[in-house]
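Kindly generate the complete structure, drawing on both the sequences and the hints.
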Amino acid sequence: MSELQLSQAQLLEAYRLMKTIRVFEERAMTEKMGGNVPGGTHLYAGEEASAVGVCMHLGPADQISSTHRGHGHSIAKGCDVDGMMAEIMGKGTGICGGKGGSQHIADLSKGMLGANGIVGAGSPIVCGAALSAQILGKQDVAVAFIGDGAFNQGTTAESLNLASIWKLPAIFVVEDNGFGEATSSAFVQAGEIVERAASFKIPAMKVDGVDFFAVYQAAGEAVSRARAGGGPSVIHTVVPRYFGHYAGDPDNYRTAEEKAAMRKDRDCLKRFRARVDETSLLDAAALDQIDADVEAAIASAADKGRAAPPPALESLTTDVYIRYV
Amino acid sequence: MSELQLSQAQLLEAYRLMKTIRVFEERAMTEKMGGNVPGGTHLYAGEEASAVGVCMHLGPADQISSTHRGHGHSIAKGCDVDGMMAEIMGKGTGICGGKGGSQHIADLSKGMLGANGIVGAGSPIVCGAALSAQILGKQDVAVAFIGDGAFNQGTTAESLNLASIWKLPAIFVVEDNGFGEATSSAFVQAGEIVERAASFKIPAMKVDGVDFFAVYQAAGEAVSRARAGGGPSVIHTVVPRYFGHYAGDPDNYRTAEEKAAMRKDRDCLKRFRARVDETSLLDAAALDQIDADVEAAIASAADKGRAAPPPALESLTTDVYIRYV
Amino acid sequence: MPQKTFRQAINEALHQEMKRDDRVIVMGEDVAGGSGASGDKDAWGGAFGCTKGLLGAFGPARVRDTPITESAFIGAAGGAALTGLRPVAEIMYVDFVGVCLDQIMNQIAKFRYMFGGTASTPVVIRASYGAGRGGGSQHSQSLYPIFTHIPGLKVVVPSSPYDAKGLLAQAIRDDDPVVFLESKMLYNTTGEVPDGAYTIPFGEANIVREGGDVLLVAIGRMVGVAEEAAKTLETEGISCCVLDPRTPSPLDEDTILEKTEEIGRVVIVDESYPRCGLAADISSLIAERAFPSLKAPIRKVTPPHSPVPYAPVLERAFVPTPDRVVEAVRAVAKG
Amino acid sequence: MPQKTFRQAINEALHQEMKRDDRVIVMGEDVAGGSGASGDKDAWGGAFGCTKGLLGAFGPARVRDTPITESAFIGAAGGAALTGLRPVAEIMYVDFVGVCLDQIMNQIAKFRYMFGGTASTPVVIRASYGAGRGGGSQHSQSLYPIFTHIPGLKVVVPSSPYDAKGLLAQAIRDDDPVVFLESKMLYNTTGEVPDGAYTIPFGEANIVREGGDVLLVAIGRMVGVAEEAAKTLETEGISCCVLDPRTPSPLDEDTILEKTEEIGRVVIVDESYPRCGLAADISSLIAERAFPSLKAPIRKVTPPHSPVPYAPVLERAFVPTPDRVVEAVRAVAKG
Ligand SMILES: Cc1ncc(C[n+]2csc(CCOP(=O)(O)OP(=O)(O)O)c2C)c(N)n1
Ligand SMILES: Cc1ncc(C[n+]2csc(CCOP(=O)(O)OP(=O)(O)O)c2C)c(N)n1
Ligand SMILES: [Mg+2]
Ligand SMILES: [Mg+2]
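Residue numbers (the working numbering), protein chains in the order written: chain A, 937 to 1261; chain B, 937 to 1261; chain C, 138 to 472; chain D, 138 to 472.
Hints may contain errors.
[As the list claims (entries may be wrong)] Quick list of in silico lysine-lysine cross-link-like pairs, DSSO-like style, CA-CA up to 27 Å: (1) A:K1142 - A:K1103; (2) C:K178 - A:K1200; (3) B:K1137 - B:K1074; (4) B:K1103 - C:K178; (5) D:K432 - A:K1074; (6) A:K1103 - D:K178; (7) C:K432 - D:K471; (8) B:K1074 - B:K1046; (9) A:K1195 - A:K1046; (10) B:K1142 - A:K1137; (11) C:K368 - C:K432; (12) B:K1206 - A:K1137; (13) A:K1103 - D:K156; (14) B:K1137 - A:K1142; (15) A:K1195 - C:K178; (16) B:K1195 - D:K156; (17) B:K1200 - D:K178; (18) B:K1074 - C:K471; (19) D:K432 - C:K471; (20) C:K156 - B:K1103; (21) D:K432 - C:K432; (22) B:K1206 - B:K1142.
The set of hints was computed from the structure by calculation and includes no laboratory data.
Right under this line is the structure:
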């Protein structure tokens, strides 16, 4: 009964984060369609429980690295939604000053080492963050969120090997939405994720990624093991991807029925509500209030983002180096 | 009783190839120490049964790719020893005109796609050769020889995945001499090779790489499966490395006892002789004759190599392109 | 002649060459799209739609959606090229070459040389390049200087639909490895493209516009930028010749030098990073071999030495504009 | 001052900087050697012996033999640098960068920019470079133009033991990512090297030799080649200034331009491939910004556009020699 490990405040926080991600993504879609997001953006809607179930175990000294589909991880790790929204709109008030965009959202003060436009690039970086914790004698952990597509990339195997032999406090969360872009994972992936992980002598668990509590439970084990010096873990979360690969993808490779069924049956927010209701842990009114607050916060983020000024032209050539003669 | 699958002529051929590799490598060492080999060279002595046990199943239309430690694979696949010796001496008569050197010996007419100076680079190339066979509707197979160190490289995992999902007629022979340069594989490799291979849904076998017959048997299964459209295999051969990592390596990371024991107890030539003797398949005189022939052939290759002229200066800039305006 | 988009031109070349030669195969991520899924097959036809229709015409053995493992499939393309196929492999964005450069730089490019001239590796590696779509630092680079640097590769950067088709056909028929880079800002541009197959030889520059006062050298998307600048300058009485080398490697040195000797003033416009970039390369050629005819410094118009920014205002300031070219030409014309 | 080899200079800098700052760690293949084996520990101290003794002095947590997985450990070096360490990671031969370029080009080099200036990535990537030891096409390249091309990286190519020590100390203390390339032909060369720690700032060229007739620009191993040529030329009455930029990025443009303006004749000697190489880069700088003072074409002495061959006669013909420099200088001095 993993829900019992959580205080009411934590449960509310988990719901608030998942809801924030959902609404942020829906809003990002709207803004993209409205022409307010200049670059490409990949939406995390549907996968919220994976990010939040993991990040509820982490503090700001713990590190994560993310993917091209990074909004959810960023929000779960505490990044400011105003800054994020302004960033994807390419504004000077963005969390990266408008220089990064959706695929490079980062906040090092929050232990968020960056979304990443290169599939599979995060895992080595996370090995390094875990190495820092290990060498500096800290209890911190580092988490790489990667997709099922990224799981095949050579960097993943190399990182699993490195994390295993060095017993790094690293956790690899493989978010399996069944697709790498328009190609199904069944078509391009040999074998099972947990078996591949196990072959590196890394404990691996497969969980239902729309079940916040299942993710939370698995991540709790992994994080405890890592903090205790027990080395890396792999968590395979099975998740739906509500939107197409990117905002604007016709998503014609999935049937309308499949997409409708997914939204109906595989919704982590509904699941969460049902569970806390069934176990009388939270009452609906509190959750409704969160819904309203989140809607307002995201609408405000979007308003502020749209109104914000673009970056100053001089910033084009700053931040390339700290100092370059 | 895999020895019974082989004709006498085949047995003699297997022995001749192994002996040729051994003597070639010993001679390469001597020539290197004598200053006749300008570049670095990595010797295959001790590992002969692995190359020969596999290549005895292959014809010239089958393809192999090799490693930095490529002399053995080249000889097993039929490359000319005169040309090889001249190549490592940097002569114009070399198998690559003296432009390649030890790490780039190749003979495409023999299905030898090249030694390779980049650890892990051969496996993708072999996937391509296997793809050619598959698409062109041939029964040919392609074999990647890789080291235990190369097994960790990301290219290996990617290639195993690709070979598995595309059911390529590809075989990955992982030659485990316990070391990547001066670092033991135990120190840098998580888990077991066959388990990692199996996690990609590839049949994998571990065999004693000084036992020619064991290798031959395993390779036979793998090659038959590949020719029959059954997809890839992994063969893990456990082999000794007689010399240091490269000719000239002080090899101080192994104790004298370890090295002496290895040469004494782990010798594929002695093993082969004992086996054919015990089973009365060949008589010693025939093998002695091969020994003498091989010694003479390699001595002659070295003499010719030393005497050969260097490449013509004009060849510096030829062969960069077939045609470059 | 029929008008077609750059994307259609690429697509047509692929169709025609696959039809012409069974050994031509196409591979890459989502070159069909929809593989293994419940909905449409050939759902994308490539991230930019360039390979659309190939799956239906040539089937899944020759049109292959790959896993996201560029080292494996680019390397496989090289290995397949060594053994009888003529693969056209796609790296969606050239920026991703960092995960598979070894197979291009140390394998494919060098087989022939290392093996003493016995190998041929007829592979084409296609990729999109360039800024302008808000791709950010990892999806907007113009990395052709890296490929141009590497002996053994041919490098092609077409600037028009006509060139795209003819150069791609040539790339596929060429027996050497070719890196073929497509500006993502050009895919929707249109131009005259014959229906039939044709090839354009490598190493032959195209004089896009004649003019006698200043020579503008530009490639890919920058050809249009140079032309636009040339139009503006014409109204000021400065006549510009616009030269498009089309293939950074082999480079048509002769035409560049001849035109320099004729005109004496040169501005090079390029979208790649400035340091060790293509503009520097061409400038140094001229400074060494056409020096006596130079009447003014060779000016380069390039991005700054910085990654590509995301925000539109910054991205627009990053990429050379007609305005910046006009300014450089004015300075040179006076000098 | 004590005489030391280039190798010792590198080794001393590593010892001193690791002692000075606990956050400095060293990682790479066989940087110790012998890990997990029956015999000597610290058996190699790196393939070229540069990291010898570090294991004993600083222990296995800070001196790490890695698996042969450059993407993982170079990426880890970047991630560690983002989170409090100051890694010095070794790629044995720079040629191997093809298997891990993404982590250098798209991650380490760009973190700061993409993240709006909030990140610092104090990592040093050391590698050997260059031809001359019969390494063949995949172990002999001088790929610094690729790194110089990439904004966000600093690139260092020392030419003497003194510079190697001071520049490496600077690289380790520098808060930006640095690619530090060591000519494998220089490891055994000797020169004066102070025992104490010192740094040499980046972006400051070194005038290795004064002279008034021709300016020779050269880096790394080519500095010695240029000096040798200069000695020969002196006997002919041609006096050469030899300028070593030391760091291709940042490049000391000012000194190069000043010296050009003073002397008016320039020969650039470089070991990297010619196309989009460093010689072209420097030539184009001069052709744009010091044109009026040029009295002759800017000559480049580089290898041909070909991979590095194995055979000694070919390899010697590949690498620029003093003879070729002398010839180029004579041509320029006349011109
Ligand atoms: C190295 C590299 N190759 C290809 C791409 C293009 N690309 C972007 S996202 C994506 C799919 C990734 O799939 P997955 O890892 O499952 O993540 P998901 O999009 O499903 O969240 C691809 C192929 C890339 N960004 N980087
Ligand atoms: C990508 C790359 N990294 C490092 C090296 C340097 N190197 C050459 S051989 C070797 C060890 C390879 O070990 P293994 O694969 O076990 O083959 P073995 O030498 O034992 O036959 C290394 C690290 C290289 N050539 N390529
Ligand atoms: Mg996915
Ligand atoms: Mg080994």
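Report the numbers of all earlier hints that the structure fails to satisfy, in ascending order. Hints 5, 9, 12, 16 and 18 are the ones this structure does not satisfy, whereas the remaining hints hold.
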